[in-house]
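Participant: Chain residues, written in single-letter form:
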Amino acid sequence: MKTGINRRILSFLMFAIVAFSHSRAVAQTALVEPPILAGLVKDGVLPPMSERLPLSPLVLHVAEMGREIGKSGGEIRMLMADQRDLRIMTLYGYTRLMRFNLKQELKPDILQDMIVEEGRKFTLVLRKGHRWSDGTPLTAEDFRYWWEDVANDKKLSPGGPPIAMLPDGEAPTFEILDSHRVRYTWPSPNPSFLPALAAAQPLYILMPAHYMRQFHQKHVNADALQRTVRAARVKDWTALHEQKARQYRAENPDLPTLDPWRNRTAPPAERFVFERNPYYHRVDETGQQLPYLDRIVINIATGALIPTKVGAGDSDLQARYLSFDNYTFLKIAEKRQDFTVKLWKRAEGSRIAIYPNLNASDPVWLSLVRDVRVRKAMSLSINRRDINNVIFYGLVKEGANTMLDGSPLYDPAFQTAHATYNPAEANRLLDEAGLTKRDIEGYRILPDGRRAEVSVEGAGDSADETDSIELIIDNFRAIGIRLLYRVSQRELFRRRILLGDTVLSLWAGWDNGLAGPDTEPEALVPSNRGQYQWPRFGQYAETSGAQGDKIDIPEVQELADLRVAWRKSVTREERMDIWRKMLKIHSDNAFIIGIVNSTPQPIIVSRRLRNVPDQGWFSFEPGAFLGIYHPETFWLTDAGKRN
Amino acid sequence: MLRYIARRFLLMIPTLLIASALIFTVMELPPGDFFETFVSEMQAQGEKADMSRVEFLKKEYHLDKPPVERYFYWLADFAQGNYGYSFEYQLPVSDIIGDKLILTILISTLTIIFTWAIAFPIGIYSATHQYSWGDYGLTFLGLLGLAIPHFLMALVVMYFANVWFGLSIGGLMEPEYLNQPMSMAKFTSVLKHIWLPVVLIGITGTGGMIRAVRANLLDELDKQYVVTARAKGLPPGRALMKYPFRMSLNFFISDIGSVLPSVVSGAEIVAIVLSLPTTGPLLVRALQAQDMYLAGSFLMFLAILTVIGVLISDIALAMLDPRVRLQGGATK
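Residue numbers (numbering that gives the first Met the number 0), protein chains in the order written: chain A, 0 to 642; chain B, 0 to 331.
Just so you know, these hints were derived from the structure itself, not from any lab. Note that the coordinates shown come from a computational prediction; the quantities given were computed from them, not determined experimentally.
Cut-off 30 Å, straight-line C-alpha distance, at most; resulting in silico cross-link-like pairs (DSSO-like, lysine-lysine): (1) A:K102 with A:K580; (2) B:K64 with A:K234; (3) A:K549 with B:K64; (4) A:K153 with B:K57; (5) A:K243 with B:K57; (6) B:K58 with A:K154; (7) A:K234 with B:K57; (8) A:K217 with A:K243; (9) B:K57 with A:K549; (10) B:K57 with A:K217; (11) B:K191 with A:K334; (12) B:K58 with A:K153; (13) A:K243 with B:K58; (14) B:K64 with A:K153; (15) B:K57 with A:K154; (16) A:K330 with A:K341; (17) B:K64 with A:K154; (18) B:K58 with A:K234; (19) A:K396 with A:K334; (20) A:K243 with B:K64; (21) A:K217 with B:K58; (22) A:K549 with B:K58.
Working from the sequences, and respecting the hints, build out all of it.
Facilitator: Printed below as a string of structure tokens:
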């Protein structure tokens, strides 16, 4: 009783302080209980909102974001293809320790504050009174549990802590300063740390210790644990712990979470219900707790049928599994159904790009694609305007594979570099590269006497790609290169590229065309074998030199050196500078030949659902698809009626 | 007879061993494994794979061992009733299949009953009224059912059901019953939805069955014993049902062997189109994703059921038809 009063006084004081420090603070208006929870509070099942929220909740100024202040309540339906898609809720919820905003700046979210010293000392300050979705306080212990009992447990993490925690292979010292402050200190700067926390697929450095302990060998007696293991029909306790602890793919309905919605359905199931987290830490400026929506229901359907089902009105908010091919069908359905179709933009550096394989095994083609003049000639030969008009109805942007205009690193010069249609210049460059002889059909002849005939390989999973390549084949013909399009199954495709059997391949450009200086620049340097322009350099980096080839191209080495510099950088300005240099190298060298970008992504939104922006970027990284647009502020106009 | 059954039982063991080796080999043939497929699928959607646990899972489920060794791990586990672990669902295989099995069996059983209930009367009518207008008409319908792929029919029916009647597409019950335990209301909801898949899946089978019944019965009807029976004044119904019809059933009994596995697997493609919560789509997806323990264990079940089904039909055939039973010099 006494503590209750103290608590209330304390919270009043804290609100007063918040009210003073932020002129627009929430405390000026009374907190408004979401209607669905009011009954539970009255029955004493849930504590009132003032006790559920942290002392200083995160206030979203919905009106300032250009949106309407909504009403709590209601449920929306979405369609997903399988259980793995439950991660979509972690993405749409986009609640992280730190969060990127739309300007690609890192801001505290779950954390009240993050104090960084010398780029290597990170003090994380939790919000006092912040609670997990089951009402247990979130404390420093949850960080300790993950670091000591999970990441550094030989059995649970045979590979040791995640890479982002180990710059130059060095682990941080972890300290608990008090119940709501922890500190990680590395010997050298670790600029990867914060972006990793804010990533779409984040680095989780905390776990609900009070819940997870019951599955940990260290914390319960062996017999009891053995019984739980047997009941769950898994191999041993590590498998059990792993299964129960999945935070990214929210499968375990019992696992406490910090996200706006929590899963209430145990898999396997055909329908998953996510309910509001009554302890969520964000409120709007009128004191309503977010999210506005009480429930999100995910129905599982066959992926290929999802557009059809959406057209039949089976989803209230859907972008995933819809593609631009479906646009006309959805527009027709729009007339019959209660939804509108919006067109967002996809944020790949390029929707379709040609990857010359700098690790190709054919020696003649290898020396050609390694010649920057040849790569530039290929890029200059492509008539991007035609592709835009014929295949994308003139709705997309033509340009090289680089940062898009939504990125702080956008530079129009990079967009147009070697990306204008100029077959004469292309022909001149190829002549200069030594391919002067032509055969009777006008195709060039390679130094070893073969015709300049090469296959461009693709995975063929989108009509955009297969249609565009037909036009590109004609463009290449005009510069005397014969292209043959070849489709193979995705794993074979990857494998052939890695082995060097493929000279040119077709794939989307960089996944993240909106990167900011804080984004880890791994896509720009050899880092994994899925990089089709230099798969073997990537493999070398990925396996620390055990497989693959060492970089033997000076420009690529320069990129790799810049990445090392990025990893040692301390300030945002430094990183900005490094990123610009890297983009410049890419632009000068045309390692990846981009074609068109900013392709439209249909997103259907129920007419009852408000606050979904008309324009937006749809991408996994950054932005977690819808996540960065605050789905917790989406609300239903008939929310009141339904409850 | 008993010796015959015992011998057949023993023969099942090597048959199943060969089947298991075949299943395993076929699953090993495509390049890569589940994790590679998984990574490339994620990449295709512009996402990163959840790699943090991949090494852990690989070790846990012996994916780092050579294939032959893995085959024996799998076989030994299977024999002990441990059907392995689905990487895609991250759950034990038995948990995943268990739920779906009941509905699958329900749909398949209803489909079989539907097929028989329609095909037998029509087949008998067609055979006894050969080359009449009725025979032509029904044969035409039967051939139509046989000729149209049922997944295509399902798509067309679903589209018009939605556009004309506003029915939701696919599924076996109203969404709100999906996670609930079986109740009267849920059962009614299932009954309301189940006729569509049953009819769609059944139609193809019905067409084929009509043709088979008609052809087999016609073979018998021309035989002399039928003429004799008629000449002796046996009532037409008895002269049809007691002898020729019974004889024409042989094809049908030997077909039981293939019915049993199809009861469990359901019609895969139609089930995918209709989003039915049956085992068919599960199997297809597991094969695509190279989720090898799920796919392997499931295929192994089908193999076992096929072998048992064939045994049952052989025994039934021997009991039904003395010509089969007494072959090879055996006497009554």
